[in-house]
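Participant: Here's the letter readout for the chains.
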Amino acid sequence: MAPLLTMAGIKKHFGGVPALRSASLEVEPGEVHALIGQNGAGKSTLIKILTGLYRRDEGSVDFAGEPSHVASPREAQNAGIATIYQELNLVPLRSVSENVVIGQEPRSFGFMINWPEAHRRTREILARFGIEIDVTAPLGSYSTAIQQLVAIARAVSMDAKLVIMDEPTSSLDSSEVEILFGGVRELKSSGVSVLYVSHFLDELFQICDRGTFRRDGQTVGCQSLAETTKLVLSAGLLGRNAEEIAAEGLPELAGGHAAYDEVVLEVDKVATGPRLSDFSMTLHRGEIVGLGGLLGSGRTEAARSIFGLDHLTSGSMHLQGREFEPSEPSQAIRSRIGFLTEDRKAEGIVPDMSVRENLTLALLPKLRKIGQIDRDREKALVGEFIQKLGIKTSHMDQPIRELSGGNQQKVLLARWLATRPDILILDEPTRGVDVGAKREIQSIIRKFVDDGHAVILISSEFEELVEGANRIVVMHEGKAVSELTNPGITENALVKALAHHEEATA
Amino acid sequence: MTSLTSEHTMRADFTAKLKSHGGLIALGLILVFNIIVTPNFLQTQPLAVNISQVATIAIVAMGMTLVIATGGIDLSVGAVMALSGALAPLIFMSDFGQAYPVLGLIGALFFPLVAALVCGLFNGVIVAVLRVQPIIATLILFISGRGIAQVLTNGNLQTFSYAEFSYLGTGKILGFPFQGWLALAIACVLFWVVNRTVFGRYLLAIGGNERAAKLAGGPVRQVKIGAYVICSVLSGLAGLIVVAINSASDAARNGNLMELDAIAAAGGGGALLQGGKAPIFGAILGAVIIQLVKYTLLANGVEDEVALIAKAAIILAAVYIQQARKE
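Chains as they are written, first to last, in the working numbering: chain A, 3 to 508; chain B, 205 to 531.
Hint data in this document are derived by calculation from the structure and do not stem from the laboratory.
Being a predicted model, the structure only gives us computed values, none of them experimental.
Even glycine gets a Cβ: it sits at the ideal position worked out from N, Cα and C.
No false leads were slipped in.
Derived list of chain A stretches under chain B, where covered just means 3 residues or more per stretch with a C-beta under 8 Å from a C-beta of chain B:
| hint | segment |
| --- | --- |
| 1 | 331-337 |
| 2 | 344-358 |
| 3 | 373-384 |
In silico DMTMM-like links for lysine to aspartate or glutamate, alpha-carbon gap of 20 Å or less:
| hint | chain 1 | residue 1 | chain 2 | residue 2 |
| --- | --- | --- | --- | --- |
| 4 | B | Lys418 | A | Glu327 |
| 5 | B | Lys418 | A | Asp345 |
| 6 | B | Lys418 | A | Asp312 |
| 7 | B | Lys418 | A | Glu344 |
| 8 | B | Lys418 | A | Glu349 |
| 9 | B | Lys418 | A | Glu330 |
| 10 | A | Lys347 | B | Glu414 |
| 11 | A | Lys498 | A | Glu479 |
| 12 | A | Lys50 | A | Asp64 |
Facing chain A, a subset of chain B residues (Cβ under 10 Å, in silico):
| hint | residue |
| --- | --- |
| 13 | Val402 |
| 14 | Gly404 |
| 15 | Arg405 |
| 16 | Leu408 |
| 17 | Ile410 |
| 18 | Leu419 |
Chain B extracted, bound-state conformation:
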């Protein structure tokens, strides 16, 4: 090889690296900016706040990543959060929950997740069996899910003080928020599922070429439904965490615009919208970036509305990088 070509290849490798590590570079830039500009950024308090906020986005974004990997999308994640978040206080504040606190607590964790699972099943069946386009199919629950949650709670804000349940959102292990550890644990499990299991392989194959996967005997329907179910259950879990953090359930606001955050995080993390890729830790990276952008703007006195525009810019950048990577 002549020196000319090797130089060319090196440069090509460099651009390729830049593209595939765009997320990490963005994260580095934000961190450096914050360390210099934002006061007290590295103190434990803001760090804990950031981790507890990022965990919910990350958990939903990981589920979203699985759905996107099949070539689908799930718009109902925020509504599912609201629904499961509304159910939990209803259960542990019921007469039964008051009489048997332990059963009430278990029920308050279990049944909202079952409700989320049913939502996922609903989405999955409409997409995989009835073959409705995912964006339309999940629009149904996007609209009605939050409505159901508000009907259940009569549109009221439910406040409570229940330390055991609030541990989900305020507990700490080794000084770090409980839900941060939870998100990490979920990521490890999902990473294993995607990269090592038969389900994960089929998931990527279906996103990569659905007809080929079916002809090779892949259980296309089951795998797709599975992806939507996992996504919904994780959303339900995130809904519980938000309620636990606030010690209050507000069906109108819980998970509001979460679908935007989750899609942006998954996309920024490297999930291709046409399917076939499921970078789980990428989703966490994407969630961290989104959270830090939000925090940076907030800490420096920028309006919340403007932060939305910044999020849109992230999606734009993510899509651009994806297009470039395809070449």
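The following block holds chain A by itself, in its conformation from the complex:
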């Protein structure tokens, strides 16, 4: 059978910097195809060329047996290429039906929208994916997984031949992932191809048939996933030897343990509202304390209370023995606390500003010199951090939005390290970054702690918590319910601690 999509010899430059050098991709009809590579390997660029957001400099694209020259997302859509983005491009306030039929509403008398027919059609499409919901309710009232399925349903209703999914599971919990995968399998069985991008190797094995590997803007290979192993996959990604990684085993966070007794932060029965009602913890110099818990257990709210974003309604905090109740972030920063937020795009980067300007954003008050910013010191400092953290950027004045996710995250980490904090709160520091950058970020954190500072680590990855943290404060429904101490914590122990409280309240 002829492939549905063939991309060959694709090249793309931004300014003078090559983002893609001879990229190729082949997707068979009815296949779930993984696009695998680190951040910066050119996955998004390739997808954006395919969907008409970018124009290719060179190369050919054949879709459904014909040369394709899509110049806009709309043309791509008309040609049968649908994209499900990380951030859904749906209208949350409108009904499910409206979102599905928008642009192709069934009409009566040629001008009125035939709503009963629209609802019927929507229900029918959704039923294929095994979901039965009230299609007249606003889309925003459903979970992200359902919303994603609605986006897929919309694609199907427009006779898409290829559905592109870019990190579709990054905000889903495990049961929701299953729902989504059901949708993907349904697509596959009806002959629709799926191009699947994800950092989670487990998912790729679970759902994908074949994968195309990309590194440094080049396609390095394409193979069936059934014939490969996770280790080979991650090794291939990093350009390393599989045995070498197997020997190393532990993530970079693991290592030395606290040798200090000095308490830097003491939080006592803090509450800020319904989502954080009773939170206590102590943090010593030179240690990592993890906050464990499910989504919505109050981990992020705990961090926000320490950083002065949510005001205390009861309880107290002591920083280096002194009473501490910051009323806004700037005050927490002056007290030498940094907070790397979970949502890099919405709360981290200023996309149009340069790497330099982003990196020094939290440091500005200290860079003031006779009323203006000390540019020489700023440049020296930024240069130093770019080198120290291995940030890949063509120059420090490059807009940060042009960097890959992992490098953006390193810039944000540098933003906080530059303020010379005593305490760093890290909310999902390695989410959405590739394996290579993850290890680098973990080793930066390790070094920071070994230098005698303290870290509060929030992570949904149990492995990262269990192996990185000295202690884990387990959170449940806005309360700190128990504490586990390393050595001795295992993933099972953590899951058990979580489950225990889950049962107790159920």
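Position chain B against the provided structure of chain A, taking the given hints into account.
Facilitator: For chain B alone, kept in the frame of chain A given last:
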């Protein structure tokens, strides 16, 4: 790199340049057109007229640029002009002002600007503290500011002859209008503020991503209020200049539709309406273009009403170029 790609890149660079220098190209076209078509365009008299007219637009547009950089907008600039313009003659023509002319003059320059500052504070607090959308928040003064000015003057036209005060609008340094120099000086200061100071960096960061700026310790409220205050004070100054030019204060007409000119000038100069960019000299360029379009139409016998349509076309073109640039 093959010759093919380099040619592609060159072409891409060229279009990018065309987009980012669209304002300059437009200015060039208007100038060439005027030199050929409009009689006496290059004589000193029309030049001085143009500079004195453009200065007020430019001064307000620079303030507007700062507000737009935070992702906001200020509709009250024209009303603030009317208010400060109405106050000045009231002060120097009062009994006190007549008795102590020097103090009267200083007061006539100082208090209208204080009034403008209070207006800016009002706008800024409503936007930054009460979190009302800027377009609604500044609508309050847009409506009431001119009303207050007219109440103060009983709706009368105040005419005066006061050479010292009129210097603001009619004085010349090295043959060029005083307010032209003033606008240039303000531009230099604001350019420094935006590009070199902590305030300027925060201003752009807030426009670029407000939540990120706040989480990085940025004083979001203070900076936003600051932008509205600067914008209002500059509007107040422009109001004084207009009054000085005319030797008369007409609260009903002073600064009328200035918000349109200022927004168009800022937009044409490259300020993105969603925030994050503050091209100060761009605002001057935008103001020059608007003034020249007005002048060109007027000098060639086109009605004033039609000139409004031309202005709308400029905004349209500016928005189009911005959209293209985002890609």
